[in-house]
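Participant: Take a look at the letters that make up each chain.
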Amino acid sequence: MTSMPESAQLTRNPPPVVSCRDLTKSYAMGEQALQVLRGVSFDVKPGEFVAIMGPSGSGKSTLLNLIGALDTPTTGSLSIAGTDVGGLDDDELAHLRNRVIGFVFQQFNLLRRTSALENVKMPLLYSRTPAKDADAVAAQRLVAVGLGDRQGHTAAQLSGGQQQRVAIARALVTSPQLILADEPTGALDTKTSKDIMDLFTQLHRDGMTIIMVTHEAEVADYAERLLRFRDGLLVDDIRQTPKAMP
Amino acid sequence: MNLANYLTSALAAIRLNAMRSILTALGVIIGVASVIVMSAIGSGARQEVERSISRLGTNMLTISPGSSRSGRSRGGAGTATPLSEDDMDAIADRIAGVSAVTGSLSINAPIIYGNKNWTTSVTGTSASFPEVRDWEVDEGYYFTPEQVQRGAKVAVLGSSVVREVFGGASTIGERIRIAGAPFEVIGVMKTRGQAGGFRDQDDIVLIPLSTARARLAGQNATVPNQAGSILVKVGDAGDLAAAEEDIVDLLRQRRRIRTGMQDDFRVRNVAEIVQARTAAQQTLTWLLAATAAISLIVGGIGIMNIMLVSVTERTREIGLRMAVGARKRDILAQFLTEAIVLCIAGGLIGLALGVGATYAIAFLAGWPVLVSGTVIAVGIGASAFVGVVFGYVPARQAAHLNPIDALRYE
Ligand SMILES: Nc1ncnc2c1ncn2[C@@H]1O[C@H](COP(=O)(O)OP(=O)(O)O)[C@@H](O)[C@H]1O
Ligand SMILES: [Mg+2]
Numbered sequence: 001m002t003s004m005p006e007s008a009q010l011t012r013n014p015p016p017v018v019s020c021r022d023l024t025k026s027y028a029m030g031e032q033a034l035q036v037l038r039g040v041s042f043d044v045k046p047g048e049f050v051a052i053m054g055p056s057g058s059g060k061s062t063l064l065n066l067i068g069a070l071d072t073p074t075t076g077s078l079s080i081a082g083t084d085v086g087g088l089d090d091d092e093l094a095h096l097r098n099r100v101i102g103f104v105f106q107q108f109n110l111l112r113r114t115s116a117l118e119n120v121k122m123p124l125l126y127s128r129t130p131a132k133d134a135d136a137v138a139a140q141r142l143v144a145v146g147l148g149d150r151q152g153h154t155a156a157q158l159s160g161g162q163q164q165r166v167a168i169a170r171a172l173v174t175s176p177q178l179i180l181a182d183e184p185t186g187a188l189d190t191k192t193s194k195d196i197m198d199l200f201t202q203l204h205r206d207g208m209t210i211i212m213v214t215h216e217a218e219v220a221d222y223a224e225r226l227l228r229f230r231d232g233l234l235v236d237d238i239r240q241t242p243k244a245m246p
Numbered sequence: 001m002n003l004a005n006y007l008t009s010a011l012a013a014i015r016l017n018a019m020r021s022i023l024t025a026l027g028v029i030i031g032v033a034s035v036i037v038m039s040a041i042g043s044g045a046r047q048e049v050e051r052s053i054s055r056l057g058t059n060m061l062t063i064s065p066g067s068s069r070s071g072r073s074r075g076g077a078g079t080a081t082p083l084s085e086d087d088m089d090a091i092a093d094r095i096a097g098v099s100a101v102t103g104s105l106s107i108n109a110p111i112i113y114g115n116k117n118w119t120t121s122v123t124g125t126s127a128s129f130p131e132v133r134d135w136e137v138d139e140g141y142y143f144t145p146e147q148v149q150r151g152a153k154v155a156v157l158g159s160s161v162v163r164e165v166f167g168g169a170s171t172i173g174e175r176i177r178i179a180g181a182p183f184e185v186i187g188v189m190k191t192r193g194q195a196g197g198f199r200d201q202d203d204i205v206l207i208p209l210s211t212a213r214a215r216l217a218g219q220n221a222t223v224p225n226q227a228g229s230i231l232v233k234v235g236d237a238g239d240l241a242a243a244e245e246d247i248v249d250l251l252r253q254r255r256r257i258r259t260g261m262q263d264d265f266r267v268r269n270v271a272e273i274v275q276a277r278t279a280a281q282q283t284l285t286w287l288l289a290a291t292a293a294i295s296l297i298v299g300g301i302g303i304m305n306i307m308l309v310s311v312t313e314r315t316r317e318i319g320l321r322m323a324v325g326a327r328k329r330d331i332l333a334q335f336l337t338e339a340i341v342l343c344i345a346g347g348l349i350g351l352a353l354g355v356g357a358t359y360a361i362a363f364l365a366g367w368p369v370l371v372s373g374t375v376i377a378v379g380i381g382a383s384a385f386v387g388v389v390f391g392y393v394p395a396r397q398a399a400h401l402n403p404i405d406a407l408r409y410e
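Protein chains in written order, with my numbering: chain A, 1 to 246; chain B, 1 to 410.
It should be emphasised that the hints constitute simulated quantities derived from the structure, not laboratory data.
Where a beta carbon is used, it is the ideal one built from N, C-alpha and C, also for glycine.
Do not rely on the hints blindly, as some may be mistaken.
[Said to hold, decoys possible] Just some of the chain B residues that point at chain A, by a computed CB distance under 10 Å:
#1 ILE14
#2 LEU16
#3 ALA18
#4 ASN108
#5 GLY319
#6 ALA323
#7 GLY325
#8 ALA326
#9 ASP330
#10 PRO403
#11 LEU407
[What the hints assert, rightly or not] According to the in silico footprint, chain B covers these stretches of chain A (three or more CB under 8 Å from chain B):
#12 63-75
#13 79-85
#14 121-127
[To be verified] In silico EDC-like pairs for lysine to aspartate or glutamate, Cα to Cα no more than 20 Å straight-line:
#15 B:LYS328 to A:GLU92
#16 B:LYS328 to A:ASP91
#17 B:LYS328 to A:ASP71
Please put together the full structure from these sequences, using the hints given.
Facilitator: Quick look at the structure:
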């Protein structure tokens, strides 16, 4: 239901992982409605690394939350991995968030007094993964983000960059098809930001589809495609050569 | 998530706020402790009633003189004309179904043996007392009608008296002094056992009714052959209620009580006596039941309150869990488990306190107590029930949060 149809993988032009059509989102503010997204349409193909930029308040986070199935659009259609999100019930949305999407937040959103391993394992608790397998997979993901030796540390005992690595390991733990990151380097210094971006670049090279919101040009340079937003509208869609790792 | 995950997460959350959790569980602790104490004392009282009835005999009637009705004034209990041996004989002869009758004239008096001095209930009875009370002689023999007839100075001892005065040694043939007069011990009754909150039935010395009348109650005997109370045994085939009615009619006639006037005597059966005595215990049981119910409700509200606080505090965590794939029912189960674990932990502490309090009360008040498996199950069950009922609203509130609002919550 949420996985790609088999035939799609055989065609030369694979179907998009994300497909937005005329997406709008408005919030009721008293009498008036505040329209944050005013009709956004674009596709993201498998394996693409997309950066979304725009001034503060232009609706970047709102869009990413819609794609992450955390919120529902006011009008328009959205399909993720071939599934029309509008037709899903609560449990199906939970399944989508669990298996298809991995979300990385600006503020990491880790349980502070819980170990790195337990934090990474959390999505697996909701996917009926046997406890033994869950431990093994989570430990392996921590190794992949370079924190193999920090499994038992609580989030509070880790630096900001390390915490974001744990959060990325958590986003990857169910082997999703799509990583969404909302200002993943927004709370980090330049050096640490670079490390995190190198990690994303590595994921991209391994074939992961990534959509990342940022307001820093240096960070956006790592992506191969740049979407610019202004006042709830997509104003630019540029292909670029990603900044390579040194 | 599976149950183990929910439990781990619940225990972690409770441990994180250990002090707050304990204070929150206090209501449940007190509630469950009350449930335990209540049911322990309650079932103890019920058992006591049953035991006493079977021990005293279900087919026995006790007739005692009531209040006098001379002129306008009304005296206290026992101020009416005493019952006599003639009344006894009349009942034995004329009431259908009666199999044995005895008098029972009791007075507290000191008995002396060597340098031992013991005050006990010295009770004058006729030879049929063992039959009426279904109480057999253990050693020696009970006095005969002939000994009663001539006012023999013989005594049959209850086992508690033997223990207290003779230190348990053989007593048959020994001489004791009762209220100054020498008596020969001719028998010892079988042990009836402590009757819970009631008088020790074995702390008794039985002597012939005539002897008791002459030696002990002689001075204030207003009827020459006074019998104290009359105990009537209704035979197995007899009808207790019918016998009771017939006895009332007969005694009213003998005591010339006109129609419309009240009886100046009382006929009671054993069940009535025991029930009257356990009424106080029953009242206490109800009081405890009310305390338990109220504490559990108050405790439940405390749990609900703290769970609502917890849901609010952990809104971002709930949002995160939803963002990584938790379904509504996962969140519901997580918070419900936490409430139930909190309540059951409180319940276990309450259980320990309740069992302790039960034994303390039993020790201080001399009541029989029973801490049964059922009582424990009821205590734990009640706390789990409180957890479900009062944990549901906060858990539901958590489950119905919108993922993005929860994640953004500051
Ligand atoms: N739940 C909400 N209720 C009302 N307004 C909101 C809500 N969420 C976002 N907004 C508004 O929508 C606009 C876009 O927000 P956002 O998508 O977070 O912008 P950004 O591009 O900075 O990430 C902002 O003006 C913000 O105030
Ligand atoms: Mg934003």
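Participant: Now, for every hint given, state plainly whether the structure supports it.
Facilitator: Hint by hint, here is what the structure shows:
1. ILE14: With a closest approach of 13 Å, the B:ILE14 hint is violated.
2. LEU16: With Cβ-Cβ at 7 Å, under 10 Å, it holds.
3. ALA18: violated, 13 Å
4. ASN108: Interface hint status for B:ASN108: violated (72 Å vs cutoff 10 Å).
5. GLY319: holds, 8 Å
6. ALA323: holds, 5 Å
7. GLY325: holds, 2 Å
8. ALA326: holds, 5 Å
9. ASP330: This hint holds: B:ASP330 lies near chain A, its Cβ roughly 6 Å from the closest one there, short of 10 Å.
10. PRO403: holds, 5 Å
11. LEU407: holds, 7 Å
12. 63-75: Since three or more residues must qualify, the claim that chain B covers the region 63-75 of chain A holds, with 4 doing so at under 8 Å.
13. 79-85: Since 0 is below three, the answer is violated.
14. 121-127: With 5 residues closer than 8 Å to chain B, the region 121-127 of chain A meets the three-residue bar; holds.
15. B:LYS328 to A:GLU92: holds, 11 Å
16. B:LYS328 to A:ASP91: Distance ~8 Å between B:LYS328 and A:ASP91 Cα, so the pair holds.
17. B:LYS328 to A:ASP71: With Cα atoms ~15 Å apart, B:LYS328 and A:ASP71 stay inside 20 Å; holds.
Hint violations for this structure: numbers 1, 3, 4 and 13, all remaining hints satisfied.
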